Amino acid sequence: MLTAEDKKLVQQVWQKISGCQEDAGAETLERMFAAYPQTKTYFPHFDLHHGSDQIRGHGKKVVAALGNAVKNLDNLSQALSELSNLHAYNLRVDPPCFPLQLLAQCFQVVLAVHLGKDYTPEMHAAVDKFMSAVAAVLAEKYR
Amino acid sequence: MVHWTAEEKQLISSVWAKVNVEECGAEALARLLIVYPWTQRFFSNFGNLSSPTAIVGNPKVRAHGKKVLTSFGEAVKNLDNIKGTYSKLSELHCEKLHVDPENFRLLGDILVIVLASHFGKDFTPSCQFAWQKLVGVVAHALARKYH
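Chains as they are written, first to last, in full-length UniProt numbering: chain A, 1 to 143; chain B, 1 to 147.
These are calculated hints, taken from the structure and not from any lab test.
Worth double-checking, as some hints may not be accurate.
Straight-line Cα separation of at most 20 Å, DMTMM-like style, residue types lysine to aspartate or glutamate; simulated pairs [as the list claims (entries may be wrong)]:
(1) Lys121/B / Glu140/A
(2) Lys129/A / Glu22/B
(3) Lys18/B / Glu7/B
(4) Lys117/A / Glu102/B
(5) Lys121/B / Glu22/A
So, partial list: chain A residues that the calculated Cβ filter (under 7 Å) puts toward chain B [as the list claims (entries may be wrong)]:
(6) Glu5
(7) Ala35
(8) Gln108
(9) Val109
Covered stretches of chain A, going by a simulated chain B footprint (3 or more residues, C-beta under 8 Å) [said to hold, decoys possible]:
(10) 112 to 118
(11) 122 to 136
Small disclaimer: the values here were computed from a predicted structure and weren't measured.
C-beta atoms are modelled at their ideal positions from N, C-alpha and C, and glycine is treated no differently.
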């Protein structure tokens, strides 16, 4: 699915945000909760106010997981295997791909906000494919 | 009928006032064709769409992008009657153009990303909320007359 060029572009994007990855995670989640309030239903136990420690902490986790995926683009299935189990059996984010699409959209917005014109159409395409691939792996175990 | 709060209306119009319709329209359409290449099937008479560079530089893409975003401006001016505003366009997209309405959602999401890249931090989460809502409403209105 991901061509060699796509992989290169995704890695480039990751390098460009290496200084502010934690912020990117928190911002992605905040935007997701703001733009798509239905996603808050998965976090009834969280303080969802702007700047909350839980959002920061969870954002950090999400970005670290994506970073791990970026390092293992040739074997996403294996790299995300644990998370796939978690999302399917424990979290049961439902329907499988849709909320992950919303997260992906917000992550792209954060990249666009931070990189401006440097977020080229080619990078946009590669990241979109990457996020789709991640979502597909996470949804693998659903049924 | 869609309900818009005063804040949402303000966020939408304040962003719109600063949008360069020609630039953003061209960029949004180009990105649609690049990120979701199957959409190129609707533009087979546009000439060279063989690479991202070709697409971005293609004058027909630029012109059509401007047209599409100009039409979007009608929604911004008529937030309280987006259904009515897009009634004819909906029929057109169904009967003549044969576009799967899913593609309206894709273009809407791309437009949000283009706005984010142009406005940076000024495109706040609240702005994003209002605009995701708007593109959703427009997509829905465009799909409404399908049969």
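A quick look at each hint next to the structure:
A threshold of 20 Å between alpha carbons decides the hint, and for Lys121/B with Glu140/A the separation of about 35 Å lies outside it, so the pair is violated. The suggested pairing of Lys129/A with Glu22/B is violated, with an alpha-carbon distance near 27 Å, which exceeds 20 Å. Taking the CA atoms of Lys18/B and Glu7/B, the gap is near 17 Å; set against the 20 Å cutoff, the hint holds. Of the supplied pair hints, the one linking Lys117/A and Glu102/B is violated, its CA atoms being roughly 27 Å apart against a limit of 20 Å.
Restraint check for Lys121/B and Glu22/A: the C-alpha separation of about 16 Å stays at or below 20 Å, so the hint holds. A cut of 7 Å between beta carbons decides the hint on Glu5/A: the least distance to chain B is about 11 Å, and the hint is violated. At about 5 Å, the closest approach between the beta carbon of Ala35/A and any beta carbon in chain B falls short of 7 Å, and the interface hint on this residue holds. Of the supplied interface hints, the one on Gln108/A holds, with its beta-carbon coming within about 5 Å of a beta-carbon of chain B, less than 7 Å.
Proximity of Val109/A to chain B holds as hinted, the smallest CB-CB distance being about 4 Å (cut-off 7 Å). Judged by the Cβ-Cβ criterion of 8 Å, the segment 112 to 118 of chain A is covered by chain B as claimed, because 6 of its residues qualify and three suffice. Beta-carbon proximity to chain B at under 8 Å applies to 4 residues in the segment 122 to 136 of chain A; the threshold of 3 is reached and the given coverage holds.
When each numbered hint is compared with the structure, violations occur for hints 1, 2, 4, 6.
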